[in-house]
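Assemble chains P and C onto chain E, guided by the hints.
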Amino acid sequence: MYGISQKLNSKIIWQALLLMSVIFMVFMVPATAATIEENSESIANLETALTVMWLIIAGAIVFLMHAGFSLVEIGLTRTKNTANILMKNFMTICLGVVVYWAVGWGIMYGADYAGLIGIDQFFLQGADNAVWNSWWFQMVFAATGATIVSGAMAERTDFKAYLIYTVLMVALIYPVYGHWVWSGAGILTSGFIVDAIGVAHHDFAGSGVVHSIGGYAALAGVLVVGPRIGKFKNGKALAIPGHSLPLAFLGTLILAFGWVGFNGGSTLDANDPFVSLVIANTFLAGASGCIAVMFITWMKTGKPDPSLTANGLLAGLVAITAPCGSVSNWGAVIIGLIGGIIVYAGVMFNENVLKLDDPVGAIAVHGYTGSWGLLAVGLFALGTGEGSILEGAAYTAETAGLLYGGGVQLLLIQIVAVILSIVWAFGISLIIFKALDLTIGLRVSEEHEITGLDVVEHGISAYPEFMILKE
Amino acid sequence: MYGISQKLNSKIIWQALLLMSVIFMVFMVPATAATIEENSESIANLETALTVMWLIIAGAIVFLMHAGFSLVEIGLTRTKNTANILMKNFMTICLGVVVYWAVGWGIMYGADYAGLIGIDQFFLQGADNAVWNSWWFQMVFAATGATIVSGAMAERTDFKAYLIYTVLMVALIYPVYGHWVWSGAGILTSGFIVDAIGVAHHDFAGSGVVHSIGGYAALAGVLVVGPRIGKFKNGKALAIPGHSLPLAFLGTLILAFGWVGFNGGSTLDANDPFVSLVIANTFLAGASGCIAVMFITWMKTGKPDPSLTANGLLAGLVAITAPCGSVSNWGAVIIGLIGGIIVYAGVMFNENVLKLDDPVGAIAVHGYTGSWGLLAVGLFALGTGEGSILEGAAYTAETAGLLYGGGVQLLLIQIVAVILSIVWAFGISLIIFKALDLTIGLRVSEEHEITGLDVVEHGISAYPEFMILKE
Amino acid sequence: MYGISQKLNSKIIWQALLLMSVIFMVFMVPATAATIEENSESIANLETALTVMWLIIAGAIVFLMHAGFSLVEIGLTRTKNTANILMKNFMTICLGVVVYWAVGWGIMYGADYAGLIGIDQFFLQGADNAVWNSWWFQMVFAATGATIVSGAMAERTDFKAYLIYTVLMVALIYPVYGHWVWSGAGILTSGFIVDAIGVAHHDFAGSGVVHSIGGYAALAGVLVVGPRIGKFKNGKALAIPGHSLPLAFLGTLILAFGWVGFNGGSTLDANDPFVSLVIANTFLAGASGCIAVMFITWMKTGKPDPSLTANGLLAGLVAITAPCGSVSNWGAVIIGLIGGIIVYAGVMFNENVLKLDDPVGAIAVHGYTGSWGLLAVGLFALGTGEGSILEGAAYTAETAGLLYGGGVQLLLIQIVAVILSIVWAFGISLIIFKALDLTIGLRVSEEHEITGLDVVEHGISAYPEFMILKE
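Chains as they are written, first to last, in the working numbering: chain E, -19 to 451; chain P, -19 to 451; chain C, -19 to 451.
A hint or two may mislead.
[To be verified] When the alpha-carbon atoms are kept at most 27 Å apart in a straight line, the in silico DSSO-like pairs for lysine-lysine are as follows: (1) P/Lys450 x C/Lys283; (2) P/Lys280 x P/Lys335; (3) E/Lys450 x P/Lys140; (4) C/Lys450 x E/Lys450; (5) P/Lys450 x C/Lys414; (6) C/Lys283 x P/Lys140; (7) C/Lys283 x E/Lys283; (8) E/Lys283 x C/Lys450; (9) E/Lys140 x E/Lys414; (10) C/Lys283 x P/Lys414; (11) E/Lys414 x E/Lys450; (12) E/Lys283 x C/Lys140.
If you're looking for bench data, these hints aren't it; they were derived computationally from the structure.
Pulled out of the complex, with its shape left as it was, chain E reads as follows (with noise of 0.2 Å):
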């Protein structure tokens, strides 16, 4: 009895372990499985409000560089003028919301047609949560071309000239380029070019898509409306000193402050930790371009200079755009010290051999120095491969630059996109600039220029309660 009792015993305590087990893994494992699955979707949904928050916050400080657009050009400008160009720049913001909403977000991000342009999406039609955060933080870019252009021509183009050029450098042109190089679907990253060099472009925040796209609207620009009454006499360029120094000089620090956002928000992804090289690049190029600058002018005239020396800290910013995820820190000190030089002697150059008249030197701010910005990724890149301090970033250059063993593939397909920039919005925009020309007029008369855009524009004065040295 006693054996076979406990032979039942020893086989109902078994049977007892292995049903309670059983019944342990019906009802708890599949449970905590479930929980797993909802934690990793929890995560999922975590990272995805981490980039919503982050691209929301740095869109805002983007957005915010427009204020620091509109306080450059004033305060490089005469005070004749300031009611007109912060019409200019406020008008140009609020048009590109409306304007990238219905026409540019759908042309630069809409489905592809040939690799050239997107054709769907407009007044971002079906949109979800995930498009509107994109295209807020893609709508704040939109609209600095334009911006940029408006700096170049201050002074004496007619309003509703520039207005009409604004939309269509927000609906068109812009987006276009933006969708070659930004798209994934462009002839910048796929297709025939690329196929050809072996290596996709390189733009990782916009040297080229925005800086160097409005830098050539404004070359084109610039040569259409033609200089200001007295900035040149006998061929010879005379300065024409900027009202306000503190504006301008709190408008760089702003647009400092919104390469925060510029360069850390296009990461797109706030998951990803190479957010953090990006903006210690983006610092160090910033204040070596600067450094740059205030040592060359001290050198070449004896004492620093004020304004100069600020275009020099954008110069860094606008070159280090596009390499500021794929270099070392080496790279973006000496990226930003030779975005310096460009810019000074490009600011010379346009002056005194193109004799150009660029109020707020956004030609060579924006233009030349976006330009070496896509040159200097096929020179400084890392790469990705194995050994890289940036092996595992996800937005880097994957191919080397030149300097770093990767070949020559990536800088031509660097200098592809710099021809076709050029190109492409110097093109464009003169071709639209001549046409307007044509009709409304690009041009004041040369008594309202005289005068001044103020008052025949708007009908008001800046500074209506200060005593103002005539010219």
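Below, chains P and C alone, put in the same frame as chain E:
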């Protein structure tokens, strides 16, 4: 032997297997179960941390709006009162911090009494991290109402009287109405009014709570204090140009930047993906308001007016503040456009019909357009019903508006809120301003007004080195 | 048969059940276990990502403080030196970026030598994402010390000499003291002093490290460079009014905005919920300082003084910078109030007793009030003991202060830090400024000072179109 041994072995193997499986479950599964819970807890903490950070940053951005308000107000007024206006706005936020800590928060979010007022948590008694976080975000809103009033009453109001009013605004006027709408226990979201109509009032980020309260309080102030000397001549309004358009525009852009925090932060939850729609709608409406006013002034006077256009942006932003999370992009554009029309008509009506002197247009921008924003919810809300793009959105008006088939209920409760906000803000402010006028005096003397408040009230000049034109 | 068959069946069923359960565990449980670990890893990554983002944004907000400092300094000085001051502040941050990258970071956070100095990581050698992130946030702090000095020495200091000093400040003076306090290995948080007293020094966000180091360096500079021509007449201080109150106030508000990043970011961990207390305390103290000074000046002169009141806000903010995470709301209010009193008394003492000429009040705001902030920790800290509202807070002073029953220990180590910060910052700066004075000359010539540094040092005028009153 072999057979038995085999059988025994087989049995032992099975039992060993069972034992191992039980041991496995005892040691492993409970361990992982614990970790799952730990993960869930970590995830919940992260969700909270993300919201905490979002509200700190959003609050910081809203804090900066006080710089924006300062700049708009001094930009649109005269140099002789600049220091005074700067001080008023500066003390508004500094007093606001302390008063909203001591009293305002408790009135607004303390334990409810009769749906009318909160009655504890004064001095943030018993606060924890969650309360400090909420307080920070709510506090930066609270001082905004008073700041709106300061603009409308600028250039002739006694400094001391204004400070007293500000304390009452932040301690009482704002938080009482805020309690009605945002405490969850107030008369506009629960109780007999809501029961009678059938839906709760929806004012997402404060078209009513912040803006129209400020705007109608300003109306009372402007009525009691009267117009500035020289504003009306033979019953006709004369323009008194502001002294610095750059500061007015910089201020406007800082305010627009601030709206990212104002509307975006009002989700109060960084994990809600619909924040992206909030941001998109906010800027679509603001831009539409701006464009509307630019074209209206262009058509009316032949010249696009800069300061009215800047107010057009603000009008669009104020109008969308209530409905930004409840309407489509198209809805936002239309709400903004109508906001622009209202602000233009409102400014004209105030000046030419009511003969009110509101130097910055605060009554129209914040009062009238704020009310329009509340009504717009009742018209354009998409509702969270099945098929709506807002299905699942948390902070949206649940019921659809009149134009989207939701019937008249939502519009009705919004109309009630409009009426209540006007009656409360205008009524209580009228009493307070009258009382101040009869006791310490609300208005400076004629002589002091002509001299300017900077010298009289503060003994300094805002621009001591600049030559100022005599009026 | 039936019996056996049944028994067999039963046995087979049990065995099948057991097998299934083992298979289930082999395939399912390990799979979910792996996923739990993956989830844990993803959560850890998210916590890091949130902190990374928080520090980038907080750093960006602190970066903008350099615009704030620039505006405050030019606002409180004269038009003839505006461009010079703008350039100094601009070069301070730009040099700061590069110098703190090359040298400062390594001195501050490199491997410790004797508790005194860091000795590696120059040029961020071997940096990874975590280092780049920390560097960014620390870098924006580093340049602040020098900027404080620039304000105190404004309007008469040689540009070249200032730049050299700035490089030494960012490379050496700031990071050495920073190493003592924040490296974890420095003499104020470990080693014989701490052992002797029994508690470590606590300076949360840098009342001492940033502000009082800057303030006492400024004191040395002001002593060596001497007062501006015309500041003292027959031993009596004369007011030299600043040229733009709007810029001074805008700068002050930008600085206050910056403190969200300055104190908030100093948690160095976005997952710590006590950041909300930090923010609440920061603004309660700032507002209290502002209100205190407004009433003091009102009582003393009959008129509330705008620029002193603005300094009152800054004083409250500087004072709370060390204790913001360690005190109650009431503590913060009192610390801020006393900060306001100190800054008023300090400014008066400096001008009338010490006969120092500090155009922006930097010595009082940052030096005296910074030291007060350190002492306030020793008085008001709540400690993290059981029952404290700060139980569980990570970055709080562990020991309670004197007024909260923690005894005199914490106060003692804070006093030691105050003394060390004065001795180090004042001493080394005195040596450097003397050396600069004896070599290249610290002060511009009398003629140049009267002409103004803009024309002399930079060949331009900050406001070339405005008519400026002769002194």
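Hint-by-hint comparison with the structure:
1. Restraint check for P/Lys450 and C/Lys283: satisfied, since their Cα atoms lie roughly 25 Å apart, inside the 27 Å limit.
2. For the hint linking P/Lys280 to P/Lys335, the alpha-carbon distance of about 20 Å falls within 27 Å, and the restraint holds.
3. With a C-alpha separation of about 42 Å, the suggested pair E/Lys450 and P/Lys140 falls outside the 27 Å cut-off, and the hint is violated.
4. Simply put, C/Lys450 and E/Lys450 have alpha-carbon atoms about 18 Å apart, close enough for the 27 Å limit, and the pair holds.
5. Under the criterion of a C-alpha separation no larger than 27 Å, the hint pairing P/Lys450 with C/Lys414 is inconsistent with the structure, at around 48 Å.
6. In summary, the hint linking C/Lys283 to P/Lys140 is supported, as the alpha carbons are separated by about 11 Å, within the 27 Å threshold.
7. For the hint pairing C/Lys283 with E/Lys283, the CA-to-CA distance comes to about 43 Å; that exceeds 27 Å, so the pair is violated.
8. Distance check on the hinted pair: E/Lys283 and C/Lys450 sit about 25 Å apart at the alpha-carbon level, within 27 Å; holds.
9. Pair hint E/Lys140 plus E/Lys414 holds up; C-alpha atoms about 15 Å apart against a cutoff of 27 Å.
10. Using a Cα cut-off of 27 Å, the hinted pair C/Lys283 and P/Lys414 holds, with the two alpha carbons roughly 25 Å apart.
11. Only pairs whose Cα atoms come within 27 Å are accepted, and E/Lys414 paired with E/Lys450 is rejected, the gap being roughly 33 Å.
12. Among the hinted pairs, E/Lys283 with C/Lys140 is consistent with the structure: their alpha-carbon atoms are about 11 Å apart, no more than 27 Å.
The structure does not agree with the numbered hints 3, 5, 7 and 11 stated previously, though it agrees with the rest.
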